[in-house]
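Residue numbers (the working numbering), protein chains in the order written: chain A, 18 to 358; chain B, 18 to 358.
Certain hints may be false.
Each pair may be met inside one copy or between any two copies, as identical chains are not told apart.
Here are the simulated lysine-lysine pairs, DSBU-like style, with alpha carbons at most 35 Å apart [to be verified]:
| id | residue 1 | residue 2 |
| --- | --- | --- |
| 1 | K335 | K52 |
| 2 | K76 | K289 |
| 3 | K76 | K260 |
| 4 | K52 | K289 |
| 5 | K335 | K73 |
| 6 | K260 | K150 |
| 7 | K289 | K150 |
| 8 | K261 | K73 |
| 9 | K261 | K74 |
| 10 | K57 | K261 |
| 11 | K289 | K261 |
| 12 | K335 | K76 |
| 13 | K184 | K261 |
| 14 | K73 | K289 |
| 15 | K184 | K260 |
| 16 | K73 | K260 |
| 17 | K74 | K260 |
None of these hints come from the bench; they were simulated from the model.
There are 2 protein chains.
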Amino acid sequence: MIIDCHGHYTTAPPALEAWRNRQVAALGNPAATPKASELKIGDDELRESIASNQLKKMKERGIDLTIFSPRASFMAHHIGDFETSSAWAAICNELCHRVAGLFPDEFIGAAMLPQSPGVDPATWIPELERCVKEYGFVGVNLNPDPSGGHWTSPPLTDRHWYPIYEKLVEYDIPAMVHVSTSCNACFHATGAHYLNADTTAFMQCLSGDLFRDFPTLRLVIPHGGGAVPYHWGRFRGLAEMLKKPLLRDHLLHNIFFDTCVYHQPGIDLLTKVIPVENVLFASEMIGAVRGIDPETGFAYDDTKRYIEAAALTPQQRKQIYEGNVRRVYPRLDAALRRRGH
Amino acid sequence: MIIDCHGHYTTAPPALEAWRNRQVAALGNPAATPKASELKIGDDELRESIASNQLKKMKERGIDLTIFSPRASFMAHHIGDFETSSAWAAICNELCHRVAGLFPDEFIGAAMLPQSPGVDPATWIPELERCVKEYGFVGVNLNPDPSGGHWTSPPLTDRHWYPIYEKLVEYDIPAMVHVSTSCNACFHATGAHYLNADTTAFMQCLSGDLFRDFPTLRLVIPHGGGAVPYHWGRFRGLAEMLKKPLLRDHLLHNIFFDTCVYHQPGIDLLTKVIPVENVLFASEMIGAVRGIDPETGFAYDDTKRYIEAAALTPQQRKQIYEGNVRRVYPRLDAALRRRGH
Numbered sequence: 018m019i020i021d022c023h024g025h026y027t028t029a030p031p032a033l034e035a036w037r038n039r040q041v042a043a044l045g046n047p048a049a050t051p052k053a054s055e056l057k058i059g060d061d062e063l064r065e066s067i068a069s070n071q072l073k074k075m076k077e078r079g080i081d082l083t084i085f086s087p088r089a090s091f092m093a094h095h096i097g098d099f100e101t102s103s104a105w106a107a108i109c110n111e112l113c114h115r116v117a118g119l120f121p122d123e124f125i126g127a128a129m130l131p132q133s134p135g136v137d138p139a140t141w142i143p144e145l146e147r148c149v150k151e152y153g154f155v156g157v158n159l160n161p162d163p164s165g166g167h168w169t170s171p172p173l174t175d176r177h178w179y180p181i182y183e184k185l186v187e188y189d190i191p192a193m194v195h196v197s198t199s200c201n202a203c204f205h206a207t208g209a210h211y212l213n214a215d216t217t218a219f220m221q222c223l224s225g226d227l228f229r230d231f232p233t234l235r236l237v238i239p240h241g242g243g244a245v246p247y248h249w250g251r252f253r254g255l256a257e258m259l260k261k262p263l264l265r266d267h268l269l270h271n272i273f274f275d276t277c278v279y280h281q282p283g284i285d286l287l288t289k290v291i292p293v294e295n296v297l298f299a300s301e302m303i304g305a306v307r308g309i310d311p312e313t314g315f316a317y318d319d320t321k322r323y324i325e326a327a328a329l330t331p332q333q334r335k336q337i338y339e340g341n342v343r344r345v346y347p348r349l350d351a352a353l354r355r356r357g358h
Numbered sequence: 018m019i020i021d022c023h024g025h026y027t028t029a030p031p032a033l034e035a036w037r038n039r040q041v042a043a044l045g046n047p048a049a050t051p052k053a054s055e056l057k058i059g060d061d062e063l064r065e066s067i068a069s070n071q072l073k074k075m076k077e078r079g080i081d082l083t084i085f086s087p088r089a090s091f092m093a094h095h096i097g098d099f100e101t102s103s104a105w106a107a108i109c110n111e112l113c114h115r116v117a118g119l120f121p122d123e124f125i126g127a128a129m130l131p132q133s134p135g136v137d138p139a140t141w142i143p144e145l146e147r148c149v150k151e152y153g154f155v156g157v158n159l160n161p162d163p164s165g166g167h168w169t170s171p172p173l174t175d176r177h178w179y180p181i182y183e184k185l186v187e188y189d190i191p192a193m194v195h196v197s198t199s200c201n202a203c204f205h206a207t208g209a210h211y212l213n214a215d216t217t218a219f220m221q222c223l224s225g226d227l228f229r230d231f232p233t234l235r236l237v238i239p240h241g242g243g244a245v246p247y248h249w250g251r252f253r254g255l256a257e258m259l260k261k262p263l264l265r266d267h268l269l270h271n272i273f274f275d276t277c278v279y280h281q282p283g284i285d286l287l288t289k290v291i292p293v294e295n296v297l298f299a300s301e302m303i304g305a306v307r308g309i310d311p312e313t314g315f316a317y318d319d320t321k322r323y324i325e326a327a328a329l330t331p332q333q334r335k336q337i338y339e340g341n342v343r344r345v346y347p348r349l350d351a352a353l354r355r356r357g358h
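Given only the sequences and the hints, what does the whole structure look like? Please build it.
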C-alpha cells in the first residue's frame with residue numbers, strides 16, 4: 018500500500034475562493050460577512066474536482082491513499098482575526114471531510130487550524146476536536162508563522178504553543194509543520210517561505226527541549242525537511258556546539274521528513290542521510306510544482322519514481338510508503354485496520 | 018592553488034568586541050560614543066589571532082589563500098543607524114586590511130558594507146570605494162536583510178539596491194549575499210537565518226530579471242546555496258511555472274554557490290546538481306561549526322576533504338579550488354598575476 022501523507026485540496030471548485038473573497042472584502046464591514054451556509058458546492062462538483070485531478074494522478078502513479086488537508090497557501094492565517102480564520106477553517110475542513118466521504122478508500126482528512134497571529138493556541142482546539150471526533154481526521158497542519166512571513170510568533174518550543182501540543186498528544190495525532198502564503202515581499206511562498214519554515218522549525222526544535230516535555234509529540238517537516246538533510250553535517254555540528262544529544266536521540270524520535278523533493282539527487286540524499294524510519298512518502302500533488310521535468314519527461318512531483326530509483330531495499334521502500342506513515346499517524350493505521358488493511 | 022572564498026575574521030582580539038560594546042552602549046548618548054582611534058590592537062596581536070587559528074588550519078588542510086572579510090554575525094546592521102554601521106564597518110574592514118598586509122600571500126580582503134535598515138545603498142559606496150581602491154579588496158558581503166531577521170528591505174531584485182550593483186559592476190567585484198545575526202527569536206542565526214537567506218536570495222533572483230539589467234553582476238550564495246541544490250528540481254519547475262528561461266540561462270551566468278556544506282553527501286549533491294563552473298571552494302573556517310565530526314574524525318568544516326572525495330575529475334577540482342574563484346573575483350586574479358601566480 019502506498020500512502021501519500023501530504024496532499025492539499027488545491028483544486029476545490031471556484032465557489033470556495035469566491036466565498037473567501039467575499040469574506041475578505043467584508044473585513045471592515047462585518048454586516049457583509051457571508052454565512053458559511055451561503056457556500057454551495059454539490060457532491061458532483063466535489064467528485065469531479067477530485068476525480069479529474071488528484072485521483073486521476075494517484076491512479077496513474079500507483080498511489081493508494083492520500084492524507085488530505087485544506088490548501089496550504091489559502092489558509093492565510095494573517096488575514097482578519099480569529100473569527101475570520103475560524104469560519105474559514107471550518108469550511109475548508111468540512112470540504113476535505115466531504116471528499117474523504119466521497120472517496121473513503123483514497124482520501125482521509127487532516128485539519129487546518131483556525132490560527133491567527135497572537136491568538137492563544139487553546140482557541141484552536143474546538144476545531145481540532147471536531148475534525149478528529151466528528152470527521153475522523155488523522156492529522157493536522159500547524160503553521161509556525163501565522164503572520165505570513167513576518168515571523169511574529171514565538172518559536173515552536175515556546176510554552177505559547179503547549180495547549181495545542183497537549184491536545185495532539187492526547188489524540189495521538191502528528192502535526193505537519195506547514196506555513197501558508199507569504200505576505201512578505203522578500204519571500205516567494207513555495208520557493209522560499211515554505212522551505213525556510215521547514216529549516217526554521219527544525220532548528221527551533223534542535224535549539225530547544227520540546228520533546229523532553231512532550232516525548233510522544235510527532236512533527237512532520239514537509240518538503241523533505243527544507244534545507245536540513247542537505248546540511249545534516251551542519252546540524253549535527255550545531256547540536257554538539259549547543260550541547261545537545263546526537264540528533265538521532267535529540268530529535269529523531271519525534272521529527273519526520275516527507276519526500277516532497279522534486280528530483281532524483283535530492284531524494285537520494287534524503288534517503289541516504291536520514292534514517293529510513295524517519296522518512297514518509299509524500300508528493301504534495303497537485304501543488305507547488307505542476308510541470309513535466311524536461312530532463313526526465315515525467316512530472317516533477319511524481320516522487321514515487323525517485324523512491325523507486327533510490328538505493329533502498331524493498332523493505333525500506335515499504336517502510337517509506339506505508340509502515341512509517343501508519344506508525345506516525347496511528348489514527349490512520351486504526352482506520353485502515355478497521356477496513357481490513 | 019587552493020583558494021577559500023569565504024573566510025571571516027571570527028578570531029579578532031577581544032578589544033574589538035569591547036569597542037563595539039561601548040559603541041552600542043552609547044547609542045542613546047552620542048557623547049559617549051568611542052572614537053575609532055580608541056581601539057588599539059597591535060600588529061603582534063593581529064598576527065597571533067590569525068597564526069594560531071585560521072592560518073594554522075589553512076596550513077594543516079592545504080589551503081593557500083582565503084578571501085577574508087569581517088565577522089558576518091558581528092556586522093549586526095540592525096543596530097543603531099547609518100553612522101553606527103559606518104564607523105563599525107570602517108573599523109572591521111581596516112582590521113581585515115591589516116591582516117592581509119601582515120599575511121599578503123595567505124589573505125586578501127573582502128568588505129563589509131555600512132548597511133542600515135531603510136538606508137539608501139548609495140550611502141555605502143564610499144566605504145566600498147575605500148576598500149577597493151585603498152585596500153585592494155576583491156569582494157564584498159551584501160546583507161539582503163539588514164534588519165536582522167525581520168526582512169523589511171525590498172527583494173534584491175528591487176531598484177532600491179541598484180546603486181550598489183552599479184558600483185559592483187563598475188569595479189567588477191562580486192557580492193557574497195550574506196546575512197548577519199538574527200534578532201528574531203524564530204531564527205537561529207547560523208542554523209536557520211543564514212540558510213534561509215541563501216534560499217530567499219536565490220528565489221528572489223529567480224522570480225525577477227535582475228541580470229537582464231546587470232548582465233555582468235555576480236552573486237555568490239554561500240553555505241552551498243542554502244536549500245537550493247537539494248531542491249533543484251523544485252526551482253527548475255518553479256522557473257518554468259514563472260515563465261522564466263532554464264535556470265542555466267536565467268541565473269547561472271551570474272549566481273555561484275560556495276562549498277560550505279559540512280558533510281560528504283551534501284557536497285556530493287552540490288557537485289552533481291550544480292554545474293562545476295558555478296561552484297567555488299570555501300569552508301567559512303573558523304565559523305559556525307567548529308567541532309570534529311564523530312562520524313569521520315575530522316573537522317566538520319574541513320570541506321576540502323569532501324571535495325577530494327567527491328566524484329570529480331582533477332580538472333574539475335582545480336576549477337572549484339582556483340579557476341572559478343579567479344574568474345568570479347577578477348581583482349583577485351589580477352592580484353595573483355601581479356605576484357606571478
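Hints, verified against the model:
Neither within a single protomer nor between protomers do K335 and K52 lie at most 35 Å apart by alpha-carbon distance, with minima of 45 Å and 66 Å respectively. When the C-alpha separation of K76 and K289 is checked against a cutoff of 35 Å, the pair qualifies both within a copy, at 28 Å, and between copies, at 32 Å. Only between protomers do K76 and K260 lie at most 35 Å apart by alpha-carbon distance; the minimum there is 29 Å, versus 48 Å within a single protomer. When the C-alpha separation of K52 and K289 is checked against a cutoff of 35 Å, the pair qualifies neither within a copy, at 50 Å, nor between copies, at 54 Å.
In this assembly of identical chains, the alpha carbons of K335 and K73 lie at most 35 Å apart only when taken from the same copy (23 Å versus 49 Å across copies). Taking CA atoms no more than 35 Å apart as the test, K260 paired with K150 passes in neither setting, with 41 Å inside one copy and 44 Å between copies. Taking the shortest Cα distances, K289 and K150 never come within 35 Å of each other, neither inside one copy (38 Å) nor across copies (48 Å). In the homo-oligomer, the alpha carbons of K261 and K73 lie at most 35 Å apart only across protomers (29 Å), although the nearest pairing inside one protomer, at 46 Å, exceeds that limit.
Only between protomers do K261 and K74 lie at most 35 Å apart by alpha-carbon distance; the minimum there is 26 Å, versus 43 Å within a single protomer. Taking identical chains as interchangeable, the C-alpha atoms of K57 and K261 are never at most 35 Å apart, the minima being 52 Å within one chain and 38 Å between chains. Taking the shortest Cα distances, K289 and K261 sit within 35 Å of each other both inside one copy (23 Å) and across copies (32 Å). In this homomeric assembly, K335 and K76 come within 35 Å of each other (Cα to Cα) only inside a single copy, at 18 Å, whereas the closest approach across copies is 48 Å.
In this homomeric assembly, K184 and K261 come within 35 Å of each other (Cα to Cα) only inside a single copy, at 27 Å, whereas the closest approach across copies is 45 Å. Taking the closest pair of Cα atoms, K73 and K289 come within 35 Å of each other both inside a single copy (31 Å) and across two copies (34 Å). In this assembly of identical chains, the alpha carbons of K184 and K260 lie at most 35 Å apart only when taken from the same copy (30 Å versus 44 Å across copies). For the homomeric pair K73 and K260, the shortest alpha-carbon distance between copies (26 Å) is at most 35 Å, but the shortest distance inside one copy (49 Å) is not.
Proximity of K74 and K260 under a CA criterion of 35 Å is satisfied inter-copy only: 24 Å between copies versus 46 Å inside one chain copy.
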